[in-house]
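Number of protein chains: 2
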Amino acid sequence: MARSPTHNVRERLLDAGVTTFSRSGFHGSSVQDITDAAGVPKGSFYNHFESKEALGVAALDQYWSDDAGDRLKILGQPGLAPLERLRHYFERATVDLAAKNYTCGCLAANMTAEISDHSPAIASQLSAIFATWSSQIADCLGEAQVAGELRPSVDAGMLATFVLNAWEGAVLRARIEKGERPLRQFIDVLFTQLLR
Amino acid sequence: MARSPTHNVRERLLDAGVTTFSRSGFHGSSVQDITDAAGVPKGSFYNHFESKEALGVAALDQYWSDDAGDRLKILGQPGLAPLERLRHYFERATVDLAAKNYTCGCLAANMTAEISDHSPAIASQLSAIFATWSSQIADCLGEAQVAGELRPSVDAGMLATFVLNAWEGAVLRARIEKGERPLRQFIDVLFTQLLR
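In order, the protein sequences belong to chains A and B.
Reminder that position 25 of the first sequence reads as 25 in the UniProt record's numbering, one-by-one numbering, no gaps.
Reminder that position 148 of the second sequence reads as 148 in the UniProt record's numbering, one-by-one numbering, no gaps.
Hints listed in this document are in silico derivations from the structure and should not be mistaken for laboratory results.
Check the hints yourself; a few may be wrong.
Intra- or inter-copy, both count: the list cannot distinguish identical chains.
Claimed, not checked - Within a straight-line C-alpha distance of at most 25 Å, the following computed SDA-like cross-link-like pairs (lysine to any residue) qualify:
1) K52 with F191
2) K100 with D67
3) K178 with A123
4) K42 with A99
5) K100 with L80
6) K52 with R23
7) K52 with Q32
8) K52 with E177
9) K42 with G28
10) K178 with H118
11) K100 with P120
12) K52 with T103
13) K42 with S135
14) K178 with Q136
15) K42 with H27
16) K73 with T192
17) K178 with V95
18) K178 with V146
19) K178 with A138
20) K42 with Q193
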């Protein structure tokens, strides 16, 4: 079934929002920049989003369910031991960052750094994203405990939050170095020192 | 010796740069916002800095040597075992973030997220800051190895980078939660699970 032209404009604005916010930040992206990137008239923006902030919330949702969400399926990949799945997940994320020459980083972390103090709507969306993300890593760590790969004494939820935060910090650092070293070091320390 | 008025204006612009960039981000702070915060005429800005980017570089240096640098002295505090010093350091940083209600976070991480892809001058300053910071943590971890507090098999430099990145990720997360939980969890996992 063909999509309606209106639906199409909204999707183009969403995709352009994800790309433009990722490249230039929230304040660094004007509505004009976004409509230009989407290839739609500037006037059409407000037919679909009441503000740039509203697009920010929707763009985070799009980023999460599309780009990041797709990668998260690796955590549930059948036929692999839990910690192998977690390693594959971070290896794949490393490859995806390399493909962008370590620019842009993670839109959720960027929005946190730039705008979470000022926009309750964006902060709430970020909170939901990080809660789900942590919880999926926690499930994988819990399975590793059941499988005997990881000591059972540690709280999987707390450990998952630590691991995710360490990853986000490594992604920031890779942007400065414009190289994979901080991401490789993250994977190395994670699997040889922390998850034992 | 009294400072010259010119010196004073430059210092006020620097302090205002640190505060304004921390609160509103780089793109979210105009030169006017900065001169207003400094209480100096807008026209005086370009007598001291050739661009907002140049102030960004200087503000990072100021932030590092003043706020963050002062806290780093804890890592060399005499009379405490190395890992106790590291714990004190992160406890103090947690208190400092609580005093700002978990807003603003770390200026170095924020600048990385927002501007490091676009400003080689700021990226270079950030690279120097993170290298020094990691190296000071690595020295402390190395002392912990000598003191028998930490297994000697692990590379202290790589571990220090991991620890610092994990801290930066936890600081971001605390901004979303507007609470200390991610920082407490960081300290807990760091000292009970990683540094053993």
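Which numbered hints are broken by the structure, listed smallest first?
-> Those not satisfied are hints 1, 4, 5, 13, 18, 20.
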